[in-house]
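All chains, please: the whole structure from these sequences, using the hints.
Respectively, the protein sequence lines represent chains A and B.
The opening residue of the first sequence carries number 1 in the working numbering; numbering runs sequentially from there.
The opening residue of the second sequence carries number 143 in the working numbering; numbering runs sequentially from there.
Errors might be hidden in some of the hints.
Per the computed footprint, the stretches of chain A lying under chain B, defined by three or more beta-carbons under 8 Å from a beta-carbon of chain B, are [stated by the list, open to error]: (1) 11-23; (2) 34-41; (3) 58-71; (4) 77-91; (5) 123-137.
DSS-like cross-link-like pairs, simulated, lysine-lysine; straight-line CA separation at most 25 Å [said to hold, decoys possible]: (6) B:156 - A:123; (7) A:119 - B:346; (8) B:160 - A:122; (9) B:244 - B:279; (10) B:432 - B:388; (11) B:346 - A:75; (12) B:217 - B:257; (13) B:432 - B:280; (14) A:123 - B:432; (15) B:432 - B:284; (16) B:244 - B:217; (17) B:388 - A:123; (18) B:283 - B:432; (19) A:122 - B:156; (20) B:284 - B:431; (21) B:384 - B:431; (22) A:122 - B:430; (23) B:430 - B:394; (24) A:18 - A:75; (25) B:279 - B:394; (26) B:156 - B:388; (27) A:111 - A:75; (28) A:122 - B:346; (29) B:430 - B:283; (30) B:346 - B:145; (31) B:160 - B:388; (32) B:384 - B:160; (33) B:145 - B:261; (34) B:145 - B:283; (35) B:279 - B:145; (36) A:123 - B:160; (37) B:261 - A:123; (38) B:244 - B:145; (39) B:384 - B:346; (40) B:346 - B:283.
Everything labelled a hint here was simulated from the structure, so no lab data went into it.
Being a predicted model, the structure only gives us computed values, none of them experimental.
Beta carbons: idealized from backbone N, C-alpha and C, even for Gly.
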Amino acid sequence: MTKNQALNTREISKIVFKKGELVKEVEELSGENLFGCYQCGTCSAGCPFVEDMDLLPDEVIRYVVLDRREVLNSKTIWLCASCYTCAERCPRDINITKIMEALRQIILRRKIDYTDVLKIPKKERETIPQLAFVSLFRKNIG
Amino acid sequence: MQKRILYYPGCTLKTTAKNLEKTAYAIMQALGYELVEMHDWNCCGVVASLTTDDLMHHLAPLRNLIHVEDQGEDKVVVLCDMCCNTLKQTNLRVKENPDDLKTLNAFMDRENDYKGTVKVYHFLEFLRDEIGFDVIKKMVKKPLHDMRIMPYYGCMLLRPREVAIDDAEDPQILSDLLTILGAEVIDNPFKIECCGSYHTIEEKQLVSRRAYRITSYAVERGADAIMLSCPLCHFNLDVRGKEAEKLFKGYKQIPIYYYTQLISVALGLDPSVYGFDQHMVDPTLLLKKKGVLHTRKIEI
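See the structure below:
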């Protein structure tokens, strides 16, 4: 874990939720019914980033439903690159992509950024296509 | 008279993907169309807004759609997969939610109201549906015989399904294109898997591993090269794929082509538009070996 991420983790743990508020906020932001998930694991089976994740996508849903707010410290929500594979395959038609976005937004909207722009080396700023930067900033900076 | 069609470029087509733009222009000219860059375009935002209450991020794509209407057109062609996906998703959202459109129109008080008349095409979609692959087939001068190529779709052409240009699990559009160009299609289940997208900035090794997994499977099945359409997938497979050579012993990255480049080669268009110098893995060696790369323009 980098220094920056540790700092984020500390700030994230300060976010306060009353009982049952987390799932409510996720449902409002995503427009999805998390209680519709029956934990079949199809999302996790098809996810291209799953080997780097600390929580599987279906576990993220379960954590939110069970009001376990440490889910906000999970690396999984930042690894999701919105490729929509899980949303396409979910037999319960739950858009998990939107749930991941909602969890990121809960953090970003409290003025906690995941990415520090100044830490990106200058050389890379010149060689990597702009669309990568725009999408990174849209996803990781509030 | 040449038929005119409006074109939305987006940021990357002007820098790391100039070759994609140049070859698309050349193809349209050869087909008797004039590709006209729309004026006064802005960034589309790259990723679509995914939360229910976030209308702010629909402003940028919507402004582009308004400007298409202002220029008296109802069709716009997009080359970048991510721009195309974002524009299509905003277009769909405002068409399905008139209240959202009302709010957005009211917010942009200096712009005309969006009337919802624009159809956004991906360039591939335009070639298939409006021009027809059979038309391109008749114009092939140098078929890509003996080239075994794996089509790679990535995410943004296929998902979410409301804005997809082909089937999400078993797309055919790029294989169809390769077949009419005379190449042999190598199928691969990884053709629809994400390349790693924007993680290329902060998680380079992760993207290199993605590139390795996609490419090595293609090579195992006998592919000489990969053909794709998205500028970000191209960067990730070409550049991060090359870097994967250091991570995996004995691994060698194969060339990555844009579909527009291979069409241009097969149609015998002016080699100065190919833009192979922008690649990390030299794409010319394979074409020379297969005898399809020419240095002079073939007279049509």
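Going through the hints against the structure:
| no. | hint | in the structure |
| --- | --- | --- |
| 1 | 11-23 | violated (count 0) |
| 2 | 34-41 | violated (count 0) |
| 3 | 58-71 | violated (count 0) |
| 4 | 77-91 | holds (count 8) |
| 5 | 123-137 | holds (count 11) |
| 6 | B:156 - A:123 | 19 Å, holds |
| 7 | A:119 - B:346 | 14 Å, holds |
| 8 | B:160 - A:122 | 22 Å, holds |
| 9 | B:244 - B:279 | 45 Å, violated |
| 10 | B:432 - B:388 | 28 Å, violated |
| 11 | B:346 - A:75 | 16 Å, holds |
| 12 | B:217 - B:257 | 13 Å, holds |
| 13 | B:432 - B:280 | 21 Å, holds |
| 14 | A:123 - B:432 | 36 Å, violated |
| 15 | B:432 - B:284 | 11 Å, holds |
| 16 | B:244 - B:217 | 22 Å, holds |
| 17 | B:388 - A:123 | 20 Å, holds |
| 18 | B:283 - B:432 | 15 Å, holds |
| 19 | A:122 - B:156 | 20 Å, holds |
| 20 | B:284 - B:431 | 14 Å, holds |
| 21 | B:384 - B:431 | 21 Å, holds |
| 22 | A:122 - B:430 | 36 Å, violated |
| 23 | B:430 - B:394 | 19 Å, holds |
| 24 | A:18 - A:75 | 23 Å, holds |
| 25 | B:279 - B:394 | 32 Å, violated |
| 26 | B:156 - B:388 | 30 Å, violated |
| 27 | A:111 - A:75 | 18 Å, holds |
| 28 | A:122 - B:346 | 15 Å, holds |
| 29 | B:430 - B:283 | 16 Å, holds |
| 30 | B:346 - B:145 | 43 Å, violated |
| 31 | B:160 - B:388 | 28 Å, violated |
| 32 | B:384 - B:160 | 20 Å, holds |
| 33 | B:145 - B:261 | 17 Å, holds |
| 34 | B:145 - B:283 | 23 Å, holds |
| 35 | B:279 - B:145 | 20 Å, holds |
| 36 | A:123 - B:160 | 20 Å, holds |
| 37 | B:261 - A:123 | 39 Å, violated |
| 38 | B:244 - B:145 | 34 Å, violated |
| 39 | B:384 - B:346 | 12 Å, holds |
| 40 | B:346 - B:283 | 40 Å, violated |
The structure fails to meet hints 1, 2, 3, 9, 10, 14, 22, 25, 26, 30, 31, 37, 38 and 40 from the earlier list, while all remaining hints are met.
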